[in-house]
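**Q** Whole structure, please, built from the sequences with the hints as guidance.
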Amino acid sequence: MSTASVPLPNWITYGLMPFLNLVVAFLISGVVVWFIGENPLEAVKLLLQGALGNGEGIGFTLYYATNFIFTGLSVAVAYHAGLFNIGSEGQAYVGGLGAALASLALDHYVPWYVTMPFAVIGAAIFGAAWALIPAWLQAKRGSHIVITTIMFNFIGAAMMVYLLVHVLIVPGKMAPETRVFLEGGQLPKLDWLIALFGGRLGAAPFNVSFLIALVMCVAVWLLIWRTKLGYEIRTLGASSTAAVYAGIPYVKTVIITMLISGGLAGMMALNPVLGASARLQVEFVGGAGFVGIAVSLMGRSHPLGIVLAAVLFGVLYQGGDALSFDMPKITRDMIVVIQGLVILFAGALEYLFRPAIVRVWQRFGKA
Amino acid sequence: MSPSPTAAPAIELIGIDKKFGAVHANRNINLTVAKGSIHGIIGENGAGKSTLMSILYGFYQADAGAIRINGQDTVIHDSQAAISAGIGMVHQHFMLVENFSVLENVVLGVEGGALLGRGVSDARSALKRLEADYGLEVDPDAIIEELPVGLQQRVEILKALYRGAEILILDEPTGVLTPAEADHLFRILGVLRDQGKTIVLITHKLREIMAITDTVSVMRRGEMVATRRTAETTVEELAELMVGRRVLLRVEKGPASPGEVVLSVRNLTVKDGRGVVMVDDVSFDVRAGEVVGIAGVAGNGQSELLEAITGIRKPVSGEIMIHGQPVAGFDAARLRALGLGHIPEDRHHMGLVLGFEESENSVLGYHRDGRYGRGPLLDLDACRDDAKAKIEKYDIRPPNCRLKTANFSGGNQQKIVVAREIERDPSLLVVGQPTRGVDIGAIEFIHRRLIAMRDAGKAVLLVSVELDEIRSLSDRILVMFAGHVVGEKTPDTGEQTLGLMMAGIAA
Numbered sequence: 001m002s003t004a005s006v007p008l009p010n011w012i013t014y015g016l017m018p019f020l021n022l023v024v025a026f027l028i029s030g031v032v033v034w035f036i037g038e039n040p041l042e043a044v045k046l047l048l049q050g051a052l053g054n055g056e057g058i059g060f061t062l063y064y065a066t067n068f069i070f071t072g073l074s075v076a077v078a079y080h081a082g083l084f085n086i087g088s089e090g091q092a093y094v095g096g097l098g099a100a101l102a103s104l105a106l107d108h109y110v111p112w113y114v115t116m117p118f119a120v121i122g123a124a125i126f127g128a129a130w131a132l133i134p135a136w137l138q139a140k141r142g143s144h145i146v147i148t149t150i151m152f153n154f155i156g157a158a159m160m161v162y163l164l165v166h167v168l169i170v171p172g173k174m175a176p177e178t179r180v181f182l183e184g185g186q187l188p189k190l191d192w193l194i195a196l197f198g199g200r201l202g203a204a205p206f207n208v209s210f211l212i213a214l215v216m217c218v219a220v221w222l223l224i225w226r227t228k229l230g231y232e233i234r235t236l237g238a239s240s241t242a243a244v245y246a247g248i249p250y251v252k253t254v255i256i257t258m259l260i261s262g263g264l265a266g267m268m269a270l271n272p273v274l275g276a277s278a279r280l281q282v283e284f285v286g287g288a289g290f291v292g293i294a295v296s297l298m299g300r301s302h303p304l305g306i307v308l309a310a311v312l313f314g315v316l317y318q319g320g321d322a323l324s325f326d327m328p329k330i331t332r333d334m335i336v337v338i339q340g341l342v343i344l345f346a347g348a349l350e351y352l353f354r355p356a357i358v359r360v361w362q363r364f365g366k367a
Numbered sequence: 001m002s003p004s005p006t007a008a009p010a011i012e013l014i015g016i017d018k019k020f021g022a023v024h025a026n027r028n029i030n031l032t033v034a035k036g037s038i039h040g041i042i043g044e045n046g047a048g049k050s051t052l053m054s055i056l057y058g059f060y061q062a063d064a065g066a067i068r069i070n071g072q073d074t075v076i077h078d079s080q081a082a083i084s085a086g087i088g089m090v091h092q093h094f095m096l097v098e099n100f101s102v103l104e105n106v107v108l109g110v111e112g113g114a115l116l117g118r119g120v121s122d123a124r125s126a127l128k129r130l131e132a133d134y135g136l137e138v139d140p141d142a143i144i145e146e147l148p149v150g151l152q153q154r155v156e157i158l159k160a161l162y163r164g165a166e167i168l169i170l171d172e173p174t175g176v177l178t179p180a181e182a183d184h185l186f187r188i189l190g191v192l193r194d195q196g197k198t199i200v201l202i203t204h205k206l207r208e209i210m211a212i213t214d215t216v217s218v219m220r221r222g223e224m225v226a227t228r229r230t231a232e233t234t235v236e237e238l239a240e241l242m243v244g245r246r247v248l249l250r251v252e253k254g255p256a257s258p259g260e261v262v263l264s265v266r267n268l269t270v271k272d273g274r275g276v277v278m279v280d281d282v283s284f285d286v287r288a289g290e291v292v293g294i295a296g297v298a299g300n301g302q303s304e305l306l307e308a309i310t311g312i313r314k315p316v317s318g319e320i321m322i323h324g325q326p327v328a329g330f331d332a333a334r335l336r337a338l339g340l341g342h343i344p345e346d347r348h349h350m351g352l353v354l355g356f357e358e359s360e361n362s363v364l365g366y367h368r369d370g371r372y373g374r375g376p377l378l379d380l381d382a383c384r385d386d387a388k389a390k391i392e393k394y395d396i397r398p399p400n401c402r403l404k405t406a407n408f409s410g411g412n413q414q415k416i417v418v419a420r421e422i423e424r425d426p427s428l429l430v431v432g433q434p435t436r437g438v439d440i441g442a443i444e445f446i447h448r449r450l451i452a453m454r455d456a457g458k459a460v461l462l463v464s465v466e467l468d469e470i471r472s473l474s475d476r477i478l479v480m481f482a483g484h485v486v487g488e489k490t491p492d493t494g495e496q497t498l499g500l501m502m503a504g505i506a507a
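So the sequence lines, in the order shown, correspond to chains A and B. Using full-length UniProt numbering, the final residue of the first sequence is 367, and nothing's skipped along the way. Using full-length UniProt numbering, the final residue of the second sequence is 507, and nothing's skipped along the way.
SDA-like mimics (lysine to any residue), calculated; alpha carbons at most 25 Å apart, straight line:
1. K140/A / R368/B
2. K35/B / M210/B
3. K393/B / D381/B
4. K228/A / T253/A
5. K45/A / V32/A
6. K404/B / F364/A
7. K140/A / S317/B
8. K252/A / Y366/B
9. K271/B / A503/B
10. K252/A / F330/B
11. K228/A / R384/B
Since the hints were derived computationally from the structure, they do not count as laboratory data.
**A** And the structure:
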């Protein structure tokens with residue numbers, strides 16, 4: 001008997017199983033840390049302290065989490081339609097262009113809260129545009145979206161480098177980046193939010209984008225579970241033949257879904273570009289698009305799960321930085337290994353423990 | 001052929017028990033099958049027949065109980081063990097490599113070494129011998145996908161015999177056969193029995209049980225409720241044992257009073273996904289207040305015809321008209337708006353999204369309707385209220401609209417589809433295989449609903465591979481063969497006549 005079809009209560013599927021995967025990932029990471037001659041418990045302590053120990057650490061953690069929420073939502077929306085959007089990285093990169101153009105155009109004239117909606121829309125439109133061609137190729141020509149979105153990551157990266165080196169660069173400067181936005185083109189820090197809990201934000205770039213990300217979580221939840229379009233997206237993802245039977249237009253639904261997915265990825269750019277560095281730089285996305293895949297998988301494509309998973313990865317990023325600072329033997333690369341283990345267990349091996357849990361549940365759980 | 005009473009029985013199952021979670025699939029099953037006999041096992045879907053045979057063939061392990069083969073206690077932990085105990089199985093869906101030859105399929109898995117030459121030539125002579133002994137003629141060099149279904153099934157039987165099977169289990173073997181092919185299969189099974197093989201036949205068709213078995217066991221809800229000598233029982237008794245109450249095997253209906261033409265198909269030609277012409281220049285009408293049945297062996301174009309009419313597949317040429325309006329090439333949503341209801345052939349892949357809640361499926365295809373939410377919003381409460389009303393009216397069990405659709409039984413899943421399509425009160429209802437994989441109780445219910453639609457003046461187009469169903473529901477029967485409508489008959493036409501037409505022999 002395969003155990004795949006046995007229904008389990010939600011607290012096991014969405015609570016216990018991800019937790020067990022996480023524990024195993026950390027245990028194995030601990031063995032790795034122990035191998036290179038450091039104390040694993042000490043390492044965990046440093047990691048958690050670095051990520052959550054003070055206001056600044058929390059600020060950095062939530063700053064990273066904000067990136068991952070946007071890209072996680074982007075992957076999740078496409079995934080509900082059965083589309084595996086690997087291109088959030090590139091869509092976020094190009095989205096940065098839209099956000100930066102809004103700031104460059106407006107920052108001399110208006111305060112940030114006037115610029116913000118234009119930046120949000122610009123980021124979303126540019127991100128969506130970068131998803132449009134892969135979406136169209138998938139819908140009309142059957143070109144696999146995984147392949148085309150990966151290719152568009154490379155094309156996007158090359159295009160952005162070209163624009164930054166040859167077009168957007170400040171004349172006379174060496175660095176491939178735009179000029180620094182004035183205050184009217186920046187998103188303000190959320191130091192008051194950290195202060196509310198008695199902390200100090202310090203140098204952490206935690207900013208208003210985080211609130212935009214939370215609003216998008218609610219919007220995605222509404223879209224997927226409370227609208228007719230969301231119903232069609234889920235039908236298409238669960239059974240493409242049932243979608244044809246129900247008269248759900250394939251081409252239109254695929255393209256709209258990918259536009260939304262690309263738009264969400266594009267908005268991720270608000271956080272580093274307008275919120276942190278106040279300028280558009282090369283490679284500002286820094287792999288957040290790919291982490292979004294893991295975040296979406298781990299969060300089971302649900303906004304709430306995505307927020308939790310994004311914060312976890314935020315902890316790993318920020319805590320990892322702190323850890324490599326305090327334990328020189330644990331280099332940046334080691335941190336990447338640990339993140340990789342979490343992705344492996346939480347994403348790729350998400351059902352590793354399911355058969356065993358099902359057996360235990362069948363024996364003891366049905367009282 | 002009466003089995004010798006002194007020999008040890010070929011199969012003895014003693015106290016077999018199997019649970020899947022909360023589902024008690026087999027409850028203390030005892031079964032004895034005499035050597036050299038044909039034993040039928042009947043029961044509704046989900047009664048536990050397939051589980052029991054899967055235990056015997058080593059797919060599952062029983063939680064309790066013992067298996068004896070030829071009087072020997074035997075542990076069957078996988079299908080390899082079953083084969084070496086002399087058990088062979090012919091599955092409902094064939095396990096053949098389509099682009100291999102018959103011979104290659106027969107030796108697959110028992111090639112006898114790294115080099116093929118020897119094993120293949122041994123198999124060739126073994127096939128000749130089997131052919132002579134049992135009358136199982138097949139060209140050993142024919143490619144499987146070029147053979148008709150009946151012959152493919154024969155290859156499955158040959159595979160089992162080549163592996164030394166003394167006990168042959170056949171799971172719903174006639175589902176894909178024409179009546180003539182089924183008769184041929186039964187003759188082969190008779191010969192096999194007479195040569196001393198033991199045969200277990202799993203089916204839900206009572207007629208087959210009566211025609212061929214020596215003994216029959218009835219399963220209901222995981223229990224073996226009765227075992228009878230076939231000669232001493234009747235179809236009515238078996239049906240009652242299966243369902244647990246009296247059932248009407250025939251649909252009661254009065255004469256039809258056909259009105260105006262609702263669906264009109266003219267010179268329709270449809271190709272399948274590979275570009276093969278599956279429907280070739282077909283024309284017919286369906287009038288209000290009549291059921292038109294399309295009979296035919298699966299794969300003769302009925303599915304593609306249905307798909308073209310219901311907007312799932314674009315026809316190559318020809319016209320489809322609903323109430324005189326040309327609709328060829330319209331998608332399903334537009335056709336629904338024109339009053340088309342569609343109960344699809346394959347509820348698992350089309351009619352339902354199995355991962356959805358029941359209430360979500362009860363609006364599939366009509367979800368854009370204003371009653372399920374204003375503008376872009378989907379009103380879940382409206383969907384659920386609607387679902388609850390249908391659950392009540394159609395006695396869908398369990399009555400829980402929040403339950404995942406995959407957790408309903410086949411009959412109840414089909415009722416979800418039937419309720420959704422009929423409750424929209426369509427003027428044209430297109431129905432494919434309405435009772436495939438549905439238990440007898442639900443069959444009766446669905447048939448009555450379809451006749452009620454007809455009596456309410458709706459046009460009903462029915463496609464089914466169950467000839468009994470076509471004959472008992474239809475007012476006119478069109479027979480399809482190789483993409484053509486080869487004739488129109490009345491429902492009182494003999495089964496043999498229809499069978500010959502379905503085989504393309506007589507028009």
